[in-house]
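So the chains spell out like this:
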Amino acid sequence: SQKIEQNSEALNIQEGKTATLTCNYTNYSPAYLQWYRQDPGRGPVFLLLIRENEKEKRKERLKVTFDTTLKQSLFHITASQPADSATYLCALEAGNNRKLIWGLGTSLAVNP
Amino acid sequence: SQTIHQWPATLVQPVGSPLSLECTVEGTSNPNLYWYRQAAGRGLQLLFYSVGIGQISSEVPQNLSASRPQDRQFILSSKKLLLSDSGFYLCAWGRDRVYGYTFGSGTRLTVV
Numbered sequence: 001s002q003k004i005e006q007n008s009e010a011l012n013i014q015e016g017k018t019a020t021l022t023c024n025y026t027n028y029s030p031a032y033l034q035w036y037r038q039d040p041g042r043g044p045v046f047l048l049l050i051r052e053n054e055k056e057k058r059k060e061r062l063k064v065t066f067d068t069t070l071k072q073s074l075f076h077i078t079a080s081q082p083a084d085s086a087t088y089l090c091a092l093e094a095g096n097n098r099k100l101i102w103g104l105g106t107s108l109a110v111n112p
Numbered sequence: 001s002q003t004i005h006q007w008p009a010t011l012v013q014p015v016g017s018p019l020s021l022e023c024t025v026e027g028t029s030n031p032n033l034y035w036y037r038q039a040a041g042r043g044l045q046l047l048f049y050s051v052g053i054g055q056i057s058s059e060v061p062q063n064l065s066a067s068r069p070q071d072r073q074f075i076l077s078s079k080k081l082l083l084s085d086s087g088f089y090l091c092a093w094g095r096d097r098v099y100g101y102t103f104g105s106g107t108r109l110t111v112v
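Protein chains in written order, with our numbering: chain B, 1 to 112; chain R, 1 to 112.
Only chain B is shown next, with the shape it has when bound in the complex (with noise of 0.2 angstroms):
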C-alpha cells in the first residue's frame, strides 16, 4: 500500500543546534514534495516545497532534501530557536488532481 512516514517520536533539541525530520514514502513517485509547520490548534502552513528534480531547497534557516532514490526528504532547521517548536509535517502530491497525501507530523521541541 502507499504510504507516507515522518518520525513518530517527539525530537528534542537544544536551541543554536540543526534539527533534522525525516519524510519516507512507499510506492509513490511524487513530483513534488511539501513541508508545513502547524501549530497546536492552528491550521498547518506552508513552508517549502520541493521537485522531483531538486535536489535541495533553501529558505531563511530551513532546508529541504528530496532524494527520490531512497525515496525520502529531509527537512533541516539550522540555528535552531525555541520558536521554531512545532509539528511539522510533509505532504507529497499524488494524481493528476494535486491531491496531497499527508504524513502523521514530527513534533519538534527546541529548548532554550
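Rather than coming from a laboratory, the hints here were simulated on the basis of the structure.
No more than 30 angstroms apart at the CA atoms, straight line, and that leaves these computed lysine-lysine pairs for DSS-like:
# : chain 1 : residue 1 : chain 2 : residue 2
1 : B       : Lys71     : B       : Lys3
2 : B       : Lys71     : B       : Lys57
3 : R       : Lys79     : B       : Lys99
4 : B       : Lys99     : B       : Lys71
5 : R       : Lys80     : B       : Lys99
Position chain R against the provided structure of chain B, taking the given hints into account.
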C-alpha cells in the same frame, strides 16, 4: 493579498444535530478548495475538494456533504452528526504548486 476565513472556531453539537461549517476565500478567483479533517493520531484526511462552483468530489464515504454555491465559498454540512464526526476541520485553498496550500484556522468540532 489572499486570505481564507473559516468559522466557527469551536463547536459543540449533540449527536443527531445538523452541521454547517463555512469557508470563504478573498483575493483570488476560481481557487481549488479543500475540506480536511484532522483527528488525533490520524493525520490530515481529505474529505472533499472542489475545482469550481457546484463541482464537488468526495474522497471518503461518510456522514458529511459539501457544497460550493459561490466561487469563493465552500460549505461542509451534515444532516445528523455522529460521535465519530468529532475532530478538527480545516478548509484550504490551493493556488499554485509553488505556494502550497493555504489553510484556514480550523474548527474544533465536538459531538456529544
